[in-house]
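J.: Residues per chain are reported as follows:
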Amino acid sequence: MTGFLGADPEQLIALGRTMERHGEGLQALGESLDSAARAVGWDGADAESFRERLSSQVASPLADEAIRLGSGARDLFRHSAQQDAVSSVDGRGDSARYAELLGGESWSDVINWSQDAWEKTPFDDPMTMDDLGGRYIDSPEGARFDPADVDLSAEAIGEQRMRQGSLGDCWLLAALMATAQSDPQFLADNITLRDDGTWDVTLYEGGEPVLANVSPDQIARDGARAETVTASEREDGANDWGNDGIGFMSIYEQAAINHLGPDYESVIADTPAAGLELVTGAEAGSSDILSWGGQPSIEQIGTALGEGRPITVMTDPIMPFRGDLSNAHVYQVTGADADSGEVILSNPWGDDASMPGEVRVPLDFFYGNNIVMTGVGAPREDFGGNG
Amino acid sequence: MTGESRATARPEVHRVRLTARVPIGEAVVGCTGAKIDPATGRPHAALDITEGAGAQQLLEVVVGDEITLAAGALAVVQIHPWDPPHTAGVLLRWTPRSRATGENAAPA
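Chains A and B, in that order, are what the protein sequence lines are.
Here this note's numbering is used: position 318 in the first sequence is 306, and no number is missing along the way.
If you want this note's numbering, it's the 1-based position in the second sequence plus 903.
These are computed hints drawn from the structure, not numbers from a lab.
We put the beta carbon where it would ideally sit given N, CA and C, even for glycine.
Treat the hints with care, since some could be wrong.
[What the hints assert, rightly or not] A few chain B residues facing chain A, derived, Cβ under 7 Å:
| hint | residue |
| --- | --- |
| 1 | Glu915 |
| 2 | Pro926 |
| 3 | Gly955 |
| 4 | His983 |
| 5 | Arg996 |
| 6 | Arg1000 |
[As the list claims (entries may be wrong)] Per the computed footprint, the stretches of chain B lying under chain A, defined by three or more beta-carbons under 8 Å from a beta-carbon of chain A, are:
| hint | stretch |
| --- | --- |
| 7 | 929 to 936 |
| 8 | 987 to 994 |
Hey, can you work out the whole structure from these sequences and the hints?
T.: Structure below.
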């Protein structure tokens, strides 16, 4: 590490302004093309079809990119503002300047943005146990729950199917899925049932092991589960959460909440690599659409999976809605089919939603804007960090 | 939810965070997208709804839409588009069948 941390705020602002300007340019380009196509004296079905395709396949994606660039610019302005504040004598910086850059956000918003995020509206309030259906042990399906009945063997962990619940912690759950595929014994070794009926779970912070204790009465009814899809559910498309049992993911999820704390919000939304590092303790590679080296190739993904590296990816938050991929969602990469040029993704939601549990994403989509971030974990022999 | 329905007699408000799912009545409702619609400049969201008996649907919704389900109706009260570090997702009001009115939202 060098002696310097942080960034030059002026450079951040300059880059943000460049992104903003080019975003506006893309938006204007899309609108201009759309207008030009509509101004052409061409009537009939072919004309309408062409204009619709131009609008949906060119103008709308350009507008999406413009929004992405604008959002990225605002992010840079926020970082610059925070940088300025910690570097200034009075810890305040130039509030008027940033209020303008951030479109009216107050200086207090900038400095305390993370706290303010929870204070904006009731929607931002931290989720409570009641929001998650209450305690699992108070539910009809959990009334006779015995911690000793949870099979935490490597075999069970390797076979259990993830079913995400009401927390937006796909980054963590996808990391658990990927690690379970790479080395289920590692996860089994990191959960211990104690004599008092609670579990000790080993997570990692900066490569150092940390122990998180989980009590059964902390587990919420609508948290992550080991999915059970019965024949009748499969046949009629039903979605019975009541028969999904407590599994390793339920305990790990609560362990992460207890460790990262203070509430459920601590596990909502993070990067693919962050999940892999929290679970495995080993440094994970992270790449995104702005990375110099770009995203890994399909050959690199295949090689990494062959080495037992867990891999997860995050989808574009603002891509046009699709029927098979959720926005801003982290998926496990289960395979790479070099012949078909497809990457195979597994959805932490499991198989009981209208979105498919498994998605094959063509290489062109993978390198397009549908996948924006990739986390590639260490080989399984490096799991365990420094512990 | 065919086994343990969460059906209630009173209207309820549910927060469905982006990428998460919530049992509502006899359905499970997930939010698979929440963003600004570039065409209108207004927030819109994508909802994945599973009810059983083959009733699975993916809907694109805006504030004010009402979705008719087998056991009641869902109204879209708020949409919080993706805008880190703010929380994204949808706020839904669930009205059990005896009180439900409205029409289906447009399919995505």
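J.: Against each hint, give a clear statement of whether it holds in the structure.
T.: A quick look at each hint next to the structure:
1. Glu915: violated (11 Å)
2. Pro926: Nearest chain A Cβ about 6 Å off; hint holds.
3. Gly955: Check passed: Cβ of Gly955 of chain B comes within 3 Å of chain A, closer than 7 Å.
4. His983: His983 of chain B check passes; min Cβ-Cβ to chain A is 6 Å, inside 7 Å.
5. Arg996: violated (13 Å)
6. Arg1000: violated (18 Å)
7. 929 to 936: That given contact holds, which follows from 5 residues of the stretch 929 to 936 of chain B lying within Cβ reach (below 8 Å) of chain A.
8. 987 to 994: holds (count 7)
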